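Protein chains in written order, with UniProt numbering: chain A, 1 to 423; chain B, 1 to 346; chain C, 1 to 292.
Worth double-checking, as some hints may not be accurate.
[Claimed, not checked] Here are the simulated lysine to aspartate or glutamate pairs, EDC-like style, with alpha carbons at most 20 angstroms apart:
{"hint": "1", "chain 1": "B", "residue 1": "Lys138", "chain 2": "C", "residue 2": "Glu93"}
{"hint": "2", "chain 1": "A", "residue 1": "Lys174", "chain 2": "A", "residue 2": "Glu283"}
{"hint": "3", "chain 1": "B", "residue 1": "Lys324", "chain 2": "C", "residue 2": "Glu93"}
[Said to hold, decoys possible] To be clear about the criterion: a stretch of chain B counts as covered by chain C if any three or more of its residues have a C-beta under 8 angstroms from a C-beta of chain C, and this derived list gives those stretches:
{"hint": "4", "stretch": "135 to 143"}
{"hint": "5", "stretch": "263 to 271"}
[What the hints assert, rightly or not] Derived Cβ-Cβ restraints for the label pairs, each shown as a range:
{"hint": "6", "chain 1": "A", "residue 1": "Lys76", "chain 2": "C", "residue 2": "Arg80", "range": "52 to 62 angstroms"}
{"hint": "7", "chain 1": "B", "residue 1": "Val115", "chain 2": "A", "residue 2": "Gln114", "range": "31 to 41 angstroms"}
{"hint": "8", "chain 1": "B", "residue 1": "Met132", "chain 2": "A", "residue 2": "Asn379", "range": "47 to 57 angstroms"}
{"hint": "9", "chain 1": "A", "residue 1": "Gln114", "chain 2": "C", "residue 2": "Tyr56", "range": "30 to 40 angstroms"}
{"hint": "10", "chain 1": "C", "residue 1": "Leu73", "chain 2": "B", "residue 2": "Asp108", "range": "57 to 67 angstroms"}
Simulated from the structure, these hints should not be mistaken for laboratory data. Predicted model only: the values in this text are computed from it and were never measured. The beta-carbon is built from N, C-alpha and C at its ideal position, and this holds for glycine as well.
Below, each chain spelled out in residue letters.
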Amino acid sequence: MRLNRFNFKVGGVLLASALVSAACGSASSSASSSSASAAPSEITVGTLYAGSGSFADQSLPEYDGLKFWVSHENSKGGVYVAAYKKRIPVKLVAYNDQSSPATAATLYDQLVTQNKVNIFVSDFGSVLTAPAATIAEEHHMVLFDQSGTGTNFFTPNNPYIVLADLPTSALWPKPLVQFLIAKKINKVALVYGSNDFDGSQDTTIVNGLKAAGITPVYNQAIPTTTSSYGTTISAVAATHPDAVIELGYANNDIAFLSNLASSGTHFKMVFTVFPGQLQQLLEKNVGESGLAYTYTYAAPPLISYNNVNFGMGTTAFEAAFQKQYPGPVNAPEIYGYHTGLTIQLALNHASSISQLSLRSALMAESGKITTLEGLFKLNSEGAQVGELLPVAQLMPTQGNTNTAVQIVYPSSQATASAVYPAP
Amino acid sequence: MRSEEKLGDIPAKSGDRQMTDKGQSLRGLGSLLKRRNLKDLLAVVVPVVIFSLAPHFYSNEILLISIMIYVALAEGVNIIYGFTGYLPFGYVGFYGVGAYATSLAILDFNLPPEVSIIVGGAISALVALVLMPLLRLKGSYFAIATLAAAEALYAIIGNPSLKSITQGPYGINIGSVYSSGGSYVVAVVLLGLSILTVIAVKRSKLGLALRAIKNDPVSASLSGVNVVVERTKAWLISAAIAGLAGGVFAWTITIFYPSAVFDISISVFAIVFALFGGVGTTMGPVIGAVVLYGLYSYVGVTQPQYFQLIFGAIIVVFVLFVPKGIVGLLGTAINRLGSLGQRQRG
Amino acid sequence: MLFEYAVVAGVLFGLFYAFLSIGLNLVFGVQRIVNLAHGDVIMIGGFASWELYYTYHISPLLSVVLVIPPTVLAGFIIYRLIDGPLSRAQDPEMLSLILFFGVSQILEALVTIFLGNNQRSIPDSSLVHGPVHFLGQSYPGVWWIVAGASIPMVGLVILYLYRTKLGTATRAIMADPIEAAAVGIDVRKVSAITFGVGLAITASVGAIAPFMIGGVDPSEGVNLTILAFAVIVIGSLGNIGGTVVGGLIFGVAFELAQLYLPSWSSLIPYVLLLAVLLFKPSGVLGKRVRSA
Numbered sequence: 001m002r003l004n005r006f007n008f009k010v011g012g013v014l015l016a017s018a019l020v021s022a023a024c025g026s027a028s029s030s031a032s033s034s035s036a037s038a039a040p041s042e043i044t045v046g047t048l049y050a051g052s053g054s055f056a057d058q059s060l061p062e063y064d065g066l067k068f069w070v071s072h073e074n075s076k077g078g079v080y081v082a083a084y085k086k087r088i089p090v091k092l093v094a095y096n097d098q099s100s101p102a103t104a105a106t107l108y109d110q111l112v113t114q115n116k117v118n119i120f121v122s123d124f125g126s127v128l129t130a131p132a133a134t135i136a137e138e139h140h141m142v143l144f145d146q147s148g149t150g151t152n153f154f155t156p157n158n159p160y161i162v163l164a165d166l167p168t169s170a171l172w173p174k175p176l177v178q179f180l181i182a183k184k185i186n187k188v189a190l191v192y193g194s195n196d197f198d199g200s201q202d203t204t205i206v207n208g209l210k211a212a213g214i215t216p217v218y219n220q221a222i223p224t225t226t227s228s229y230g231t232t233i234s235a236v237a238a239t240h241p242d243a244v245i246e247l248g249y250a251n252n253d254i255a256f257l258s259n260l261a262s263s264g265t266h267f268k269m270v271f272t273v274f275p276g277q278l279q280q281l282l283e284k285n286v287g288e289s290g291l292a293y294t295y296t297y298a299a300p301p302l303i304s305y306n307n308v309n310f311g312m313g314t315t316a317f318e319a320a321f322q323k324q325y326p327g328p329v330n331a332p333e334i335y336g337y338h339t340g341l342t343i344q345l346a347l348n349h350a351s352s353i354s355q356l357s358l359r360s361a362l363m364a365e366s367g368k369i370t371t372l373e374g375l376f377k378l379n380s381e382g383a384q385v386g387e388l389l390p391v392a393q394l395m396p397t398q399g400n401t402n403t404a405v406q407i408v409y410p411s412s413q414a415t416a417s418a419v420y421p422a423p
Numbered sequence: 001m002r003s004e005e006k007l008g009d010i011p012a013k014s015g016d017r018q019m020t021d022k023g024q025s026l027r028g029l030g031s032l033l034k035r036r037n038l039k040d041l042l043a044v045v046v047p048v049v050i051f052s053l054a055p056h057f058y059s060n061e062i063l064l065i066s067i068m069i070y071v072a073l074a075e076g077v078n079i080i081y082g083f084t085g086y087l088p089f090g091y092v093g094f095y096g097v098g099a100y101a102t103s104l105a106i107l108d109f110n111l112p113p114e115v116s117i118i119v120g121g122a123i124s125a126l127v128a129l130v131l132m133p134l135l136r137l138k139g140s141y142f143a144i145a146t147l148a149a150a151e152a153l154y155a156i157i158g159n160p161s162l163k164s165i166t167q168g169p170y171g172i173n174i175g176s177v178y179s180s181g182g183s184y185v186v187a188v189v190l191l192g193l194s195i196l197t198v199i200a201v202k203r204s205k206l207g208l209a210l211r212a213i214k215n216d217p218v219s220a221s222l223s224g225v226n227v228v229v230e231r232t233k234a235w236l237i238s239a240a241i242a243g244l245a246g247g248v249f250a251w252t253i254t255i256f257y258p259s260a261v262f263d264i265s266i267s268v269f270a271i272v273f274a275l276f277g278g279v280g281t282t283m284g285p286v287i288g289a290v291v292l293y294g295l296y297s298y299v300g301v302t303q304p305q306y307f308q309l310i311f312g313a314i315i316v317v318f319v320l321f322v323p324k325g326i327v328g329l330l331g332t333a334i335n336r337l338g339s340l341g342q343r344q345r346g
Numbered sequence: 001m002l003f004e005y006a007v008v009a010g011v012l013f014g015l016f017y018a019f020l021s022i023g024l025n026l027v028f029g030v031q032r033i034v035n036l037a038h039g040d041v042i043m044i045g046g047f048a049s050w051e052l053y054y055t056y057h058i059s060p061l062l063s064v065v066l067v068i069p070p071t072v073l074a075g076f077i078i079y080r081l082i083d084g085p086l087s088r089a090q091d092p093e094m095l096s097l098i099l100f101f102g103v104s105q106i107l108e109a110l111v112t113i114f115l116g117n118n119q120r121s122i123p124d125s126s127l128v129h130g131p132v133h134f135l136g137q138s139y140p141g142v143w144w145i146v147a148g149a150s151i152p153m154v155g156l157v158i159l160y161l162y163r164t165k166l167g168t169a170t171r172a173i174m175a176d177p178i179e180a181a182a183v184g185i186d187v188r189k190v191s192a193i194t195f196g197v198g199l200a201i202t203a204s205v206g207a208i209a210p211f212m213i214g215g216v217d218p219s220e221g222v223n224l225t226i227l228a229f230a231v232i233v234i235g236s237l238g239n240i241g242g243t244v245v246g247g248l249i250f251g252v253a254f255e256l257a258q259l260y261l262p263s264w265s266s267l268i269p270y271v272l273l274l275a276v277l278l279f280k281p282s283g284v285l286g287k288r289v290r291s292a
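Hey, can you work out the whole structure from these sequences and the hints?
Quick look at the structure:
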């Protein structure tokens, strides 16, 4: 009895003291950066990358792209900062979150509170971007969201986020849906991973088809960890679809396409996400024949933009990038470089390097800029709405080992007409 | 065991004896209690004060909150593993449930975050009640069963079919109630509460009963201890702490996906920290979490490219060279010093 | 039709799962070591098989055997290093869990540093061309090859345990290490060899696992470890024969779930595992009841 009362009292006192002291702590730490009039000696860009774990395969190339932009600008004496009317060298600070959102949260805070970076850039993908969104808003830092396309991040009252690359994932399938409707493909089967990225695409497709009076013959979520699709493929085949759309992460797409190739099942149209993002990886793992005549989103460099008014065009970029990083260029590398371009765009035009003027500079340039990712256009919430991804088909070329990727929709960008049904 | 005795805790083996011998050594017990009061008071006050003041010196509040969350989780593991020997490998399940219950209480019922976190703790305890039959298992069976339960909870909460209830895989956004000061305060409260709970359990009849059960369940039940009820109490308390910790994390991070709160490495970290510090003690898990998570973050910031390698190596080295945990190591050292001193005096 | 397909696929995968889990069970059975790095050993076997295929054009089926000797040796040495500290611990079973979590981190990090993050696969054509037709349906040919390779490999482990002197000693230690020592068995040596054999059989399955799980990448370990644990617990922890039953139950249940309840398919194995544990805690084939 005595013990219990003692504990209760101690607890009360402690909780009260904790409340008081913690409240003091947070009150004093809320003051944030002040605008200095003298030009800084360097512009620090802070970001995270996933050196291991499930997001590493795309986070690392994206990080390479950003590093390339930094070294490219620094070779010219730095990035041009309009606020000081001169070039200032860029310093990149980067930590490894190992694909863990919890670790990412502490490291993001490290970038903001300890390194006091000027430019705050998130890691690849929505899962690792999520912890940055709140930190950015709290510390009034504009988050340069590279490829976190989750719709959750963009709200009308939050000016502290800009989606540098790619439209939000819900916008990705828009051209695909139009393609299906235009082709009068009415029996559509959908298999998607239970995650935000794939689920939001599925929702867009289902709603888009519904508007045209089409109900998918098969529409099932499967766990993101799925690594064998044999039974799913046979279940899908039993519905005799005219098109099969599998939305997954890269490893899902690889497993799905390999299983499909080895099962001997044939569909008239197969669409997956990642051949258009990581063509070499998919080719290496699935093989030429497994990819033949399948469809994908044509992300850069599959779709090239050489007629640009900001930064390098696709061909110039590929040549310059390959000097530092030999081998074929993939989409995440371009996203990383494009993130750099977005930073450059903001610094080139902002009247000061305060966070909100960086953002308003971007908003002012939105819609006027064409880069190697296409039209750069933000909506009022900072989400990218330009840079739509056309539908592409992977055509096997005779005698040559390389697959030719042809844009098949929309017709304004098309380089070939779709081979449907696939032979 | 020996190290524990010397640190002034109730010796596990002589628990019953102590009660019967009460009359004979009342004076000794009195001074023991006083010393213990002071020690236990310090065990709570020191961490709470340090973490309350820390933001004045170090502004990475999320790191500080993460350490406090891991202290709480390690103490939670301590309560179930340290006192009963049941290792909850799937402990993260309660953490995830707590994070989700907290968020849904905020989103669906507009409860204030502080209240919602308590709801999170309560719902986690409720889930633990449902999972009570797992306590019939022992050793690795129990460890793996809890892991399966955690994975099952993840599969349910993150399922697209439950989008209308949990938002499935699309994640949670409770940005509307975000408050950096607020979440820091609750983290400090959580820290104090978790240490306090361990002390309370240790001093209560429950702690005595649990130790008796851990040593010898059969003779404990013969002497009138209800094995099932006592173990369940520890299980529920432990789950509630994880639920509260999950709630604090949710309020801190505000935007998250199910994979972030059902990450199995959260379990592993909490267990590693508890063992590193020393289970069955009050301060072990606190020291373990602070030292190891601090080290983890330090390596992450200074050696990003060899992050995983170095942390893995630290764990291996610790198991091979300090298998009894830091507090165990300190205990042994104090023992040696003590016996040296006695010899000199004698 | 679809039902039959799922059951056949489940059986094929089940045999593979048995092969995939048997090493974990062996390692656990001998000295109660909870090998959280199990999946990482599979991953390393996969990378070894990949390298052997692309550098020396060695068939992955041959790699299944080739990876065994070096891993037995490595396992033997590792066991000698960890045996002392673990046996002095209060709760060696749980301490081993932590130790091998650390080992798993190290292995994943090393592979990432030296071989990169990208997923790699070996073309199906290295094993078989075209699908296999069975009962009027066509299945990926590699499933049959891998399942076919799993049977002799699992069989060899069982033969080793029941038909060799070393195996008999191993089983004696599994049953009761103290008694085994009393009848003159060198517990330390036999345990070290068994640990090596357990790791070797695990690396061995890794050589053909890429055909069943879509490739090999450094981060795949955790999921494979969890899967293997589910299989051996369903079968019976410490009972080698039970692993086969566990693998088959897991495989068929998973494929049926993928057919009828796709979005819940990751839940089904765990529910199954919990059900088995609660209603027959010793596993489907277990004899000893371990609940208190």
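We went through each hint and held it up to the structure:
no.: 1; hint: B/Lys138 x C/Glu93; in the structure: 12 angstroms, holds
no.: 2; hint: A/Lys174 x A/Glu283; in the structure: 26 angstroms, violated
no.: 3; hint: B/Lys324 x C/Glu93; in the structure: 13 angstroms, holds
no.: 4; hint: 135 to 143; in the structure: holds (count 7)
no.: 5; hint: 263 to 271; in the structure: holds (count 3)
no.: 6; hint: A/Lys76 x C/Arg80: 52 to 62 angstroms; in the structure: 58 angstroms, holds
no.: 7; hint: B/Val115 x A/Gln114: 31 to 41 angstroms; in the structure: 33 angstroms, holds
no.: 8; hint: B/Met132 x A/Asn379: 47 to 57 angstroms; in the structure: 50 angstroms, holds
no.: 9; hint: A/Gln114 x C/Tyr56: 30 to 40 angstroms; in the structure: 49 angstroms, violated
no.: 10; hint: C/Leu73 x B/Asp108: 57 to 67 angstroms; in the structure: 58 angstroms, holds
In the structure shown, a violation is registered for the earlier hints numbered 2 and 9, in ascending order.
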